[in-house]
Each structure stands twice: as structure tokens, then as C-alpha cells.
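Visitor: Single-letter residue listing:
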Amino acid sequence: MKAKRNLLLVIVSFLLVFSLAASPIAAQDTTTLRWSIEGITDVVSLDPARATDAQGFTVIGLLHAGLVRLNGALEVEPDLAESWVISDDGLTYTFTLREGAAFSDGSPVTAEDVVWSFTHALDPATGAWTGPYLLSNIAGSDELVAGETTELSGVTAVDERTVQITVKQPSAYFLSQLTFGPSKVVSSAAVTANPDTWDQAAVTSGAFSVQTWNRGQGLVLVPNPNYWQPASQISTLDIVFNQDSETAFQLFRTGELDIVGGAQNPLPAARVPEVRDTPDFVSTNALNVRYVAFNNLLPPFDNVLVRQALAHATDRETLANVVLDGTVTATDRIIPPGMPGSEAPVEGLAFDPALAQSLLAEAGIDPATFEVTLSYGVEGDNERIVTVLQAMWQDNLGISVTLDPLELSTFSSRLNDTYNDPANGLQAYYSVWGTIYPDPQYFLSQILQTDVGNNNGHYSNAEFDALTQEADVIPDDLARRIELYNQAEQIAVTEVGWLTLFNGQVNVLVRDCVEGVEVTGLFSAYVVPDYTALRGCPAS
Amino acid sequence: MLRLILRRFISLPFVILSVTFLTFIVSYLAPGDPILALMGNQRDPEIYARLRTLYGLDLPWYQQYGEYLGGLLQGDLGLSFRFAQRPVIELIQGGLPVSFGLGLTALSLSVLIGIPLGLVAALYHNTPAERLIMALILALYAIPSFVLIPILQWINYQVYLATGWSLPAAGWGRPEHWVMPVVVLSAASLGYIARVTRSSVREVLEQDFIRTARAKGLPERRVRWTHMFRNAALPILTVIGPAIAFLVTGAFVVESLFSIPGIGFLSVQAIQQRDYPVIQGTTVILALSVVLMNLVTDLLYSVVDPRVRLEG
Numbered sequence: 001m002k003a004k005r006n007l008l009l010v011i012v013s014f015l016l017v018f019s020l021a022a023s024p025i026a027a028q029d030t031t032t033l034r035w036s037i038e039g040i041t042d043v044v045s046l047d048p049a050r051a052t053d054a055q056g057f058t059v060i061g062l063l064h065a066g067l068v069r070l071n072g073a074l075e076v077e078p079d080l081a082e083s084w085v086i087s088d089d090g091l092t093y094t095f096t097l098r099e100g101a102a103f104s105d106g107s108p109v110t111a112e113d114v115v116w117s118f119t120h121a122l123d124p125a126t127g128a129w130t131g132p133y134l135l136s137n138i139a140g141s142d143e144l145v146a147g148e149t150t151e152l153s154g155v156t157a158v159d160e161r162t163v164q165i166t167v168k169q170p171s172a173y174f175l176s177q178l179t180f181g182p183s184k185v186v187s188s189a190a191v192t193a194n195p196d197t198w199d200q201a202a203v204t205s206g207a208f209s210v211q212t213w214n215r216g217q218g219l220v221l222v223p224n225p226n227y228w229q230p231a232s233q234i235s236t237l238d239i240v241f242n243q244d245s246e247t248a249f250q251l252f253r254t255g256e257l258d259i260v261g262g263a264q265n266p267l268p269a270a271r272v273p274e275v276r277d278t279p280d281f282v283s284t285n286a287l288n289v290r291y292v293a294f295n296n297l298l299p300p301f302d303n304v305l306v307r308q309a310l311a312h313a314t315d316r317e318t319l320a321n322v323v324l325d326g327t328v329t330a331t332d333r334i335i336p337p338g339m340p341g342s343e344a345p346v347e348g349l350a351f352d353p354a355l356a357q358s359l360l361a362e363a364g365i366d367p368a369t370f371e372v373t374l375s376y377g378v379e380g381d382n383e384r385i386v387t388v389l390q391a392m393w394q395d396n397l398g399i400s401v402t403l404d405p406l407e408l409s410t411f412s413s414r415l416n417d418t419y420n421d422p423a424n425g426l427q428a429y430y431s432v433w434g435t436i437y438p439d440p441q442y443f444l445s446q447i448l449q450t451d452v453g454n455n456n457g458h459y460s461n462a463e464f465d466a467l468t469q470e471a472d473v474i475p476d477d478l479a480r481r482i483e484l485y486n487q488a489e490q491i492a493v494t495e496v497g498w499l500t501l502f503n504g505q506v507n508v509l510v511r512d513c514v515e516g517v518e519v520t521g522l523f524s525a526y527v528v529p530d531y532t533a534l535r536g537c538p539a540s
Numbered sequence: 541m542l543r544l545i546l547r548r549f550i551s552l553p554f555v556i557l558s559v560t561f562l563t564f565i566v567s568y569l570a571p572g573d574p575i576l577a578l579m580g581n582q583r584d585p586e587i588y589a590r591l592r593t594l595y596g597l598d599l600p601w602y603q604q605y606g607e608y609l610g611g612l613l614q615g616d617l618g619l620s621f622r623f624a625q626r627p628v629i630e631l632i633q634g635g636l637p638v639s640f641g642l643g644l645t646a647l648s649l650s651v652l653i654g655i656p657l658g659l660v661a662a663l664y665h666n667t668p669a670e671r672l673i674m675a676l677i678l679a680l681y682a683i684p685s686f687v688l689i690p691i692l693q694w695i696n697y698q699v700y701l702a703t704g705w706s707l708p709a710a711g712w713g714r715p716e717h718w719v720m721p722v723v724v725l726s727a728a729s730l731g732y733i734a735r736v737t738r739s740s741v742r743e744v745l746e747q748d749f750i751r752t753a754r755a756k757g758l759p760e761r762r763v764r765w766t767h768m769f770r771n772a773a774l775p776i777l778t779v780i781g782p783a784i785a786f787l788v789t790g791a792f793v794v795e796s797l798f799s800i801p802g803i804g805f806l807s808v809q810a811i812q813q814r815d816y817p818v819i820q821g822t823t824v825i826l827a828l829s830v831v832l833m834n835l836v837t838d839l840l841y842s843v844v845d846p847r848v849r850l851e852g
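Those protein sequence lines, which keep their order, are chains A and B.
Numbering-wise, the numbering used here puts 527 at position 527 of the first sequence, and it's gapless, one number per residue.
If you want the numbering used here, it's the position in the second sequence, counting the first as 1, plus 540.
Chain A with its partners taken away, still in its complex shape (with noise of 0.2 Å):
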């Protein structure tokens, strides 16, 4: 019995001085972040301008700034410059850099490096194609983009500190487009030094730099000390690549990883109800939409009463909360919840198969002769919701539905051919529609305009046109941008440019000591407000 109680007494010390020893270590303020990136081998580039995966964009934001970045609620604010002037024009952006900004060798970011960063964006020897479409309205991009010259006149460094963009036209969200990829600042010294290796990103202007790249398997980062808010924190940041999103959740749920999941590469549905009570989870509404597009150059959808009656045919309620058990949210307008301008009403065409029918006959056709070719890129759930919507139209109007299932990489091509040739295009077809930059011109304008690039179906409405081209160059009244923008959604839902479904939903898997990461909407999930108050979890 004594000697019992004499080992119980050991071991208690033991214990004691252990935990003893032991709390010094926890007590250490440093930690670490296990961050997956799925859907990729490896990212594409660590060139803010030559990258072109949302993973990657994921990855750069952490490792390089732009003159501003964009917060948790999307809304601009100052990131490497520290404040801005718009000229009464809104032709002239003067930005002021921070004062001792610094990339993280600690050579300090001059307005020449802004310089050269827009150039090499838009630079066509980058052989990129993020530039050219996101800083169009720079002036002088043109030029440069066709090989005119090698100059940008648009931007220029007016002093060490500041640097002024001029823009073609004024433009209320071109600070919202500076949040993204391609106007990240780069410094032109470590380009010089190291041309074809510097876009390891030893280098960097943001809150981490690189200290490995363990190519096609992820990346460690560890925090850039003279970023002006510092991931003081955090001792490393390692960025998985897992390019199947099942295999990011077995990781993640045998302790590998803190962080699973995003916007392009959600948690796998199957997996959502296992998971959705536990804290780790979390879950917000993705800025984007699932619609129906339909060829409006081509008989019968040229006719905006076909393309009614098949928006009164569909049952948006029971596809979202039936089929897709209410893991996404049904919507009839353009815009989703959450960008700037859903908060003004749009009314939807409701779902009423009798006045479907109606519309179909006033159209002058014969459900029975009537054939429709829904094309879709196979991927994720898409084929379960195509097939929804085909009963639902040949029940509802008794018209008869093909669907053309398409491997994705030959869907965008078909895409492209029917914008380029809309006689051979596509019928119909069903596809997605995310954000890069939070603002309405980029749900209505970029993909409704008569002839944009990405109006693939050749939607056309002159007033349509007419509204959303005077909202773009409003500079600075969000009120009065949002009353046209509205009007403009209301033509284009009634019309039926899109026939809009439901807005997705982000699902990822946070783990509940991870502090300081908001996930958003956005192309690229993620947001940090303030990289000082970024935690990992303990070291196990």
C-alpha cells in the first residue's frame, strides 16, 4: 500500500514539474496555420500578373499587397497606400504610399515599383490575360496591351511616395478592380536581380513571404516582418495543395490541417451534414449565380415569351430546398445577396406553369414539336440539377428536353464558339457566374451589355445598354448607381437575359482556434482584416 502510494506520488510530481516545464512553451505567442488549397497540383504562378487560378489568387493575396485590399464587410480601404485623392473629374487617382512601407527585404516600395507593376500586367510579353481584362480603363493600356509601346502613360510616379493613375473613363469600382491579382505591387529591384526565379516570392510586399515551395505539393510562408501590419503571431504558414476535396477533408479531420475548403472547391456536399453542427464550420453566402443562358440570336429563344414561359416553368423553391436541401438559396434576380445593389427589390417571374403554357401558345408553339438542348459542363452537382429542370419543363409545358452533358474544358470552348458563331452556338445552357471584384457593373454590364465578351447567349436590350453604360462612369454616388443598376436588372429579369436559379453557398472547415480569417463570397474566400491579430493553433 505505502509503496503504492509513494509511486503515486512520483509519478504526481512528475506530472508537476512536466507541465511546469511545459507551460513556458505553450505560453510562446507564436503559431502555426495549416492552410489547404484544393482543386490544384500546384498553383499556376506567384506572379500577381501571370496568375490565373483562384487558388492562386488566394495564395498571392497573403503574400503580396495592392494600394488598397478590400475587408471583411467588401468595401475598399487603404492597404500599401495610405490615402488617395480622385480628381473632381474621377479621371485622376493621386494615391499616397505609407510611409516606411517596406517589401520584405526590407527595401522600401517606391512609387516606381507601383510603376512597374502595372506595366508588367499588362506587358504582353507577360502573356497574361488578368491585366488586360481588369485594368482596361487605365489610360495609355491599350498601347502597351498591342505592343505599341513598352510604356504605361496612365500611371506614373510623381514623387517617391505618390503615384497618380489616370482612367479612360471615370468609374466607380475601378478601386475595387485594384484589389485584385494583377494590381498587386512587385518590387522591381528583386525582378531585376532575379528574373527567372523571383516569382518565388522570396520577396513580397504583403503580410508573408516565401521560405519554401515544395512544388506540386504546397508552400511554406513565413510572416514579412516590415509589412505595416505585421502576422506577428504567427510563426509559419503552411499552404497544402490537395487537388481532390475529399482528401482536404480526411486531412482536416485527422488533425493535419486548420483550414478546408473554398469558394471554387467547396467541402464536399456529401460531407456538409457530419460536419455542419460542429464549431469548425462555417458557412456563408457565395457572391455568385447558377443560371440558364439562353442563345437569343437563334428561333425560338430569339422570342422573349419562350424564354418567359420556361422562367414560369422552373420551381426554383423545390430545386434549392428539396433537391439541394436547402444548401444553396433559390433567387429569380441577377444580383446576389450581398453585393452592392441586391438590397434594392427586383420582382422575379414567379413560378406558374398555367401562365407558362399560356406564354408558349401566345409564342405560337407547339409544345409537341417543341425540342429544347440544355449543354453543361460535368462537374460537381450540375448534373442533378439538369436533370431537375428537365422534368420540370417537359411536366410544366409538355415540351421535350435533350440534355448535353460536356467534359468542362470542351463546354467553355462550345461557349466561345457560340459567341463567336451564334448560328452554330448553343441552345441553351446552364453555367455559373462568380465575383472578382464586388460591384454591379460586374452582374450586369460585363455580362449583359449588347456584345460583351461574356455574353455568350447575345443577350440585347438598348436600354439595358443605355442604363448600366451611365451607371459605370458615375464616380462616386453609389445611391444613384444602384437606382439604374436596378432599373436595368429589372429589364434584363423580366426579359429573361439570364434565367438566373439559386446563389450558392460557401462551406468550409475552419478550425475553431484558427483567429482572424473572415470567409466571404468572394472568387477567393478569404479575407484577413488585420494580420496582427491572425492566430493559428498550438504546435500538437
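Mixed in with the good hints, there may be bad ones.
[Claimed, not checked] Chain B regions said to be covered by chain A (calculated; three or more residues, Cβ under 8 Å): (1) 582-589; (2) 610-624; (3) 696-708; (4) 801-810.
Hints in this document: simulated from the structure, not taken from any laboratory.
Note that CB positions come from ideal geometry on N, CA and C, so glycine has one too.
For this one, chain A is given, so just place chain B on it according to the hints.
Guide: Same frame as chain A, now just chain B:
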């Protein structure tokens, strides 16, 4: 034997030529487009046209193929479309050692376990041991890796729940990362090799010369190792070639589902993205390795069986 090796090496360029031509033509004719894949959902006809010109995709097919071959002759596999113009050779160099290490480990494991299993099954014909082994072998052979992987993951998770310890569910870089992929990768080829071993040994055991050897009063050990196994080994060797093909195709699934940075992983993404130069590069490398492995098998054949004189 030298002549065989020589002939095989002479035929190599033709193999490569036909492999590159076939992959090129299939990718060229298949719908889809690397530039559209890069641009995702965004579309801008002007930027699209400019990029196609920049990447040489607007050239006629024979010119594109000709330029590719020209580069290949100088050992240049071209630049990746998707990975911002990174050299394909660099991408492959990263993945090749990983895939080979994994493949060879799996092959060794399936030979080292498969052959003894098959032997035991043959020698203990019509016993519960044989039936047990046969059931196991058939199961391993029949279960596809994409089914086996979730089963293993589930078991791994149950172990984690019970003990707090588990194998890494995916990833690369630590020794324990090898365990699950090697098990999955070797399962099918192990079943295949064991099955062939069993039937080949059974066949030899029925032969007259075995009966004669026994009748001569040879010790059973000598009958088995000198007479039986040597003769049964031939058909087993011939299946190692196809087993390697199993491993190559298995790598596509296994590497993707375990996030292993090998060639298979690289190829799958390249195909989805229509990254033609990478598809070409990985196909050439895989074709080369299969050709070389077949050569090795042929050579082994002549070593094992003195009657076989290889004329190529």
C-alpha cells in the same frame, strides 16, 4: 542479346514519334482550348485572340507539331501553358522520381508478397489455406483503387478516433506518407502476380518431369526449387510487364487522391486544362518507361530460361 537491345533502341525514336503524333492529334482534335481553360469563366475575344497568337495556337497543326518535334530533338519539351510558361522538363523532373520511387516500391512489394502467396496457394491445393488466399487475391485484384482508398481512409479515421494516432490521409515528404499509397498501388498488381504464380505452379506440378523427379527419389525440397519453381518462373516474369502498366495507370488515381506530386497527378491536371506541352511530355516519358521495362523483362526471360535465345 546485344542485337535485341540494339534493335529496341533503334525502334525507340519511332515509338516516340508515333506516341507524340498520336497525343498531338488527339489533343488537337479534341474540343477544348488551353487559353479558354486559363480564362475560366471570363471571356474577352480580343485578349483571347492575342494569347492564341502568343502561344502559337493559331498556327496550322503541322506547323505546331513540326515545331514541337524540332524542340524535342534538342531535348526541349516546350513550355507549359497553365504554369505560366514554366519549362515542361522542369515539371516532369519534379514528378518523375516521386512516381518511380512509388511505382518501384509497389512493384517490389507485389512481387515479394504476391509470388510467395501464389506458391503457398498452389502447394496447398484444396486446403482452407488456399481458399483463404484465393479469396484475398481475388478481392485485391478486383477492387479498384478508387474504392480501396475510401475504405482505407475510413479505417484510418476509426484508428484516429480510437487512439488519436493515424497515418497521414494524404500528402508527401515524410516516410509515413508512403504507406497508404504503396498499399493501394500494389494491391491490384499483387493480386495479379499471385494469381498467375498459382496457376503457373499448378500447371508445372502436373507435368511428367515432376513425377519423374519424385520417382527418382529426389528430396521434395529439390523437386520444388530446382524443377518446379524454375519452370514456373517464366510465365510469372512475363506478367511483370503488364503489372508495370497497372502501376502506371494506377498512379493517375492514387497520386490524385493522395495529393502526391508525381507524374500522374501532373498529367491529370494537364489534361483537364488542355496543357498540350505537358500532356505530350508526360506521355512520352511514360511510353519510354514502359518500353524500357518491357526490355528489362525480355532480358530477364533469357536469363531464367536458357532455351530462350532472344533474336528480337
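Visitor: Run every hint past the structure and note whether it holds.
Guide: Quick rundown of the hints versus the structure:
1. 582-589: Per the Cβ count (7), the hint holds.
2. 610-624: holds (count 3)
3. 696-708: It holds, with 5 qualifying residues against the three required.
4. 801-810: Since 6 is at least three, the answer is holds.
Hint violations for this structure: none, all hints satisfied.
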